[in-house]
Amino acid sequence: QQQVKQSPQSLIVQKGGISIINCAYENTAFDYFPWYQQFPGKGPALLIAIRPDVSEKKEGRFTISFNKSAKQFSLHIMDSQPGDSATYFCAASIDQAGTALIFGKGTTLSVSS
Amino acid sequence: GAVVSQHPSWVICKSGTSVKIECRSLDFQATTMFWYRQFPKQSLMLMATSNEGSKATYEQGVEKDKFLINHASLTLSTLTVTSAHPEDSSFYICSARDFKALSTDTQYFGPGTRLTVL
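As given, the protein sequences belong to chains Y and U, one line each in that order.
Everything in the first sequence is counted per the working numbering, starting at 1 for the first residue and increasing by one.
Everything in the second sequence is counted per the working numbering, starting at 1 for the first residue and increasing by one.
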């Protein structure tokens, strides 16, 4: 019940296209859903995050869509650029002090120029 | 934004030796720090939760005597890999939660430490 399932494992998108990564969770107590971007040899960096009280959040080219009833959330990268090529992780946590993030397995995105 | 540093960024050691990795929150105080381990092309696996001034909480399957964690201050946590073996070679990443942040869930990650045990 603590798992966060992420798909696809890898994704190739043409420059200018839309990249879509999906995640699903089981624990209905989760109430914080961030996305992290990681480049090789670097630590993850927070990209965007959402809470269950909203269905969508947009920051620049990045949008999170959240479906509470389906227990799913997704990351959309509009106008994908070669610099977006990285590994993306979804995560989830419960809003309690000391609670760690549960990560999905990651999606390797390659944006071809 | 909040910055978390790790030192060293990479380390190579001989089998049987111990290695200490430091995690510091540079511009905020962190009552809780987390240690993760990441193998190549895999996700981050939580090893332990470190709370300032108290014992760390280890995840199932993580040997607490092998991976010693100390969170001596609000800005520093250390992970010591004792009697390291080649199978301990991995990318170790820490994260820290800013207890003053509006969002209690915001975690800031360090740049990671690449450990190679020969």
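The reader is advised that the hints may include incorrect statements.
To be verified - Calculated pairs, EDC-like style, for lysine to aspartate or glutamate (alpha carbon to alpha carbon, straight line, at most 20 Å): (1) Y:105 with U:59; (2) Y:42 with U:65; (3) U:41 with Y:84.
In short, the hints are calculated from the structure, not lab data.
Pair hint residue 41 of chain U and residue 84 of chain Y, alpha-carbon separation not exceeding 20 Å = 17 Å, holds
20 Å Cα cutoff - pair residue 42 of chain Y, residue 65 of chain U | 27 Å, violated
Are the Cα atoms of residue 105 of chain Y and residue 59 of chain U separated by 20 Å or less?
-> Since the Cα atoms of residue 105 of chain Y and residue 59 of chain U sit roughly 18 Å apart, the hinted pair holds (cutoff 20 Å).
The structure does not agree with numbered hint 2 stated previously, though it agrees with all others.
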